[in-house]
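Engineer: Each chain, letter by letter, is given below.
Protein chains: 2
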Amino acid sequence: MAEGPRPKRKHDEEEAEAAPHDGAAAVAPFPLAELRLQRVLRESARDKAVFLHGQVTSPSGEGTDAVVILEKTPFQEEKVLDLLKKHTKLELQMHNDIYSTYHLYPPPELSEIKTTVVYPATEKHLQKYLRQEVHLIRETWEDYKNITLPFIQSQSFSIQWVYNILEKKAEADRIIHENPDPCDGFVLVPDFKWNQNQLDDLYLIALVHRREVKSLRDLTAEHLPLLRNILQEGKEAVAKRFGVPGSQLRIYLHYQPSYYHLHVHFTALGYDAPGSSVERAHLLADVVDNLAMDSTYYQKRALTFALRADELLLKKFQEAGRV
Amino acid sequence: MAEGPRPKRKHDEEEAEAAPHDGAAAVAPFPLAELRLQRVLRESARDKAVFLHGQVTSPSGEGTDAVVILEKTPFQEEKVLDLLKKHTKLELQMHNDIYSTYHLYPPPELSEIKTTVVYPATEKHLQKYLRQEVHLIRETWEDYKNITLPFIQSQSFSIQWVYNILEKKAEADRIIHENPDPCDGFVLVPDFKWNQNQLDDLYLIALVHRREVKSLRDLTAEHLPLLRNILQEGKEAVAKRFGVPGSQLRIYLHYQPSYYHLHVHFTALGYDAPGSSVERAHLLADVVDNLAMDSTYYQKRALTFALRADELLLKKFQEAGRV
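Protein chains in written order, with UniProt numbering: chain A, 1 to 323; chain H, 1 to 323.
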């Protein structure tokens, strides 16, 4: 994380020093200016984000696919005054009574755009970001065994990046907290989606060390110590590092998750985080209580989730006549 | 207005053309650079917006309040390529496997910020935009009996408007579907928040005929016929009237609800409806399964919900030492 994000608060200095400036510097930056735009996969006017499918010419000479995600960044409280004073241009758009609107054009240093590149990108990546109609699935345990599990096993979506983090081969300097226990331990890191410039959209991920737990469906009372560690130590680590108390954190799992290595999401309660809606998120506190009440709760209960029209898993449910 | 749905680009153009340029020209632009920042009223990391309370010195010499709303603008498809090619600076933030993130700093002309000024602003305006801190509560059944229930009973929220609908004294013409059974029946009406102009933000409410059920906490297996009627008939009615299939509906209860007469929310799955996040929404299908599994599930289980700092119920939990 050379040129690492600058978290606000007192940790700035330590953080800056902690960041290894050679690790990332070794990597050639993606040739963004040479990107040939193929299509806009998705736009979100609300999130001020756009998902692009582009191509760049690889060393071997042929076009290689890339996904480029551009997202405008939240305002930083400490830079708002600069914005008002240093703006290069202010255009009056309209004025009515006590209300007026302007176009403000700030200097580059105050206009950061968070850019995420997936390169080389597979067809799966392109599909993942393509806007699609969604359908709600009510998955029984039988559906899971007969449709979802075989599907997961047939897929080979690489989670090497998860192992890189767990093995400290990547993002080691980004680790916020670790419990090294191979069975009940985990690593807490900032999510890619969070640039750490402000706490409003705080987003961290706890990745468990044990590798055989795919999702909520695999959890039993055996995993309670692990889950309680994540809940307890995760809250403490976020409070210590970022000053955000546990009562202002939304701590949850996704079902379906986007990758099948058990992980837990920590987001700021005030942040309307994508994926925090009821049809996908399961509060860790509820999961713990459900397992404490019935060790096989998640091997019995139907679970609801949404699938996009293009997702192969939806086709499997359709073929099975379950949609 | 900054948080409202963005008008489509077409409207933006009309809006721009509609803006009275001469009238506007007559008005001296707001002295944004002279604004003395008093406080940040609210930030929205998701919407990339910030609401500021500032002061400027009025002609008469004393400080006058203003609300300044800054909101980053959505990407315009036709300008995305410029953004990639003309960016002034690209900084590698982190790199892991096929994923990398960058900070991109575009030129001013590609970094418009929508700026809205309310000037002079009254205390009402300041309050309107002020963000309240939220706290997560984990309410046990004992908390419910000792804190929440007495609080609800001490309040006299009028729900006459609900009775007016149930008795056809109001909105009779808006009823989408009714099951008249006094015990297991309900009325389905469009929610006030939905203008019915488009299906994207479809929002309906099912109000039960029986009046003694306050919330999720009162539900037992006795209510399964009622809940199953709402789930089944509600889906059918929405499909019949609006052509939206049940697989594209999010059907849920709120806890805490905003009024204590049992009601169920129906929203378009594609619509990121306020109140559909995991800390407030409970899928009706899950509620039915939980009650079928254990009639007293909701008299046993802890339930999580968020309260704003100014809510009286939060004070009650604080007084009881539960926050």
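Simulated from the structure, these hints should not be mistaken for laboratory data.
Heads up, a few of these hints could be off.
[Stated by the list, open to error] Pairs of lysine-lysine, DSS-like flavour, derived with a Cα cap of 27 Å:
#1 H/79 - H/89
#2 A/89 - H/168
#3 H/193 - A/89
#4 H/79 - A/128
#5 H/145 - H/128
#6 H/240 - A/193
#7 H/86 - A/85
#8 H/316 - A/79
#9 H/145 - A/86
#10 H/168 - H/128
#11 H/316 - A/193
#12 H/86 - H/114
#13 H/300 - H/145
#14 A/89 - H/169
#15 H/315 - A/89
#16 H/79 - A/79
#17 A/86 - H/89
#18 A/128 - A/145
#19 A/85 - H/89
#20 A/128 - H/214
#21 A/235 - H/85
#22 A/214 - A/316
#23 H/145 - H/193
#24 H/168 - A/86
#25 A/235 - H/86
#26 A/79 - H/235
Engineer: Run every hint past the structure and note whether it holds.
Structural biologist: Comparing the hints with the structure gives:
As the CA atoms of residue 79 of chain H and residue 89 of chain H are separated by approximately 17 Å, the hinted pair is consistent with the 27 Å bound. With a CA separation close to 57 Å, the supplied pair residue 89 of chain A and residue 168 of chain H exceeds the 27 Å bound. Taking the CA atoms of residue 193 of chain H and residue 89 of chain A, the gap is near 37 Å; set against the 27 Å cutoff, the hint is violated. With a CA separation close to 24 Å, the supplied pair residue 79 of chain H and residue 128 of chain A stays within the 27 Å bound.
As the CA atoms of residue 145 of chain H and residue 128 of chain H are separated by approximately 34 Å, the hinted pair breaks the 27 Å bound. Pair hint residue 240 of chain H plus residue 193 of chain A does not hold up; C-alpha atoms about 40 Å apart against a cutoff of 27 Å. Note on residue 86 of chain H and residue 85 of chain A: the hinted pairing holds, with a Cα-Cα distance of about 24 Å set against a maximum of 27 Å. The hinted pair formed by residue 316 of chain H and residue 79 of chain A fails the criterion: a straight-line CA distance of about 38 Å is larger than 27 Å.
Between residue 145 of chain H and residue 86 of chain A, the direct Cα distance comes to roughly 56 Å. Violation of the 27 Å bound is thereby established for this hinted pair. Restraint check for residue 168 of chain H and residue 128 of chain H: the C-alpha separation of about 34 Å exceeds 27 Å, so the hint is violated. As the CA atoms of residue 316 of chain H and residue 193 of chain A are separated by approximately 36 Å, the hinted pair breaks the 27 Å bound. For the given pair, residue 86 of chain H sits about 21 Å from residue 114 of chain H by alpha-carbon distance, which is consistent with the 27 Å threshold.
This hinted pair checks out: residue 300 of chain H and residue 145 of chain H have alpha carbons roughly 11 Å apart, not beyond 27 Å. Taking the CA atoms of residue 89 of chain A and residue 169 of chain H, the gap is near 56 Å; set against the 27 Å cutoff, the hint is violated. Straight-line distance between C-alpha atoms of residue 315 of chain H and residue 89 of chain A comes to about 47 Å, which puts the hinted pair past the 27 Å bound. Distance check on the hinted pair: residue 79 of chain H and residue 79 of chain A sit about 26 Å apart at the alpha-carbon level, within 27 Å; holds.
Simply put, residue 86 of chain A and residue 89 of chain H have alpha-carbon atoms about 18 Å apart, close enough for the 27 Å limit, and the pair holds. Simply put, residue 128 of chain A and residue 145 of chain A have alpha-carbon atoms about 24 Å apart, close enough for the 27 Å limit, and the pair holds. For the hint pairing residue 85 of chain A with residue 89 of chain H, the CA-to-CA distance comes to about 22 Å; that is within 27 Å, so the pair holds. For the hint linking residue 128 of chain A to residue 214 of chain H, the alpha-carbon distance of about 41 Å lies beyond 27 Å, and the restraint is violated.
Distance hint between residue 235 of chain A and residue 85 of chain H is unfulfilled; the C-alpha atoms sit about 42 Å from each other, more than 27 Å. With a C-alpha separation of about 19 Å, the suggested pair residue 214 of chain A and residue 316 of chain A falls inside the 27 Å cut-off, and the hint holds. At most 27 Å may separate the alpha-carbon atoms for a hinted pair to count; residue 145 of chain H and residue 193 of chain H exceed this at roughly 32 Å. Note on residue 168 of chain H and residue 86 of chain A: the hinted pairing is violated, with a Cα-Cα distance of about 59 Å set against a maximum of 27 Å.
Proposed proximity of residue 235 of chain A and residue 86 of chain H is contradicted: the alpha carbons are some 42 Å apart, above 27 Å. Annotation: proposed proximity of residue 79 of chain A to residue 235 of chain H is violated, straight-line Cα distance about 49 Å (limit 27 Å).
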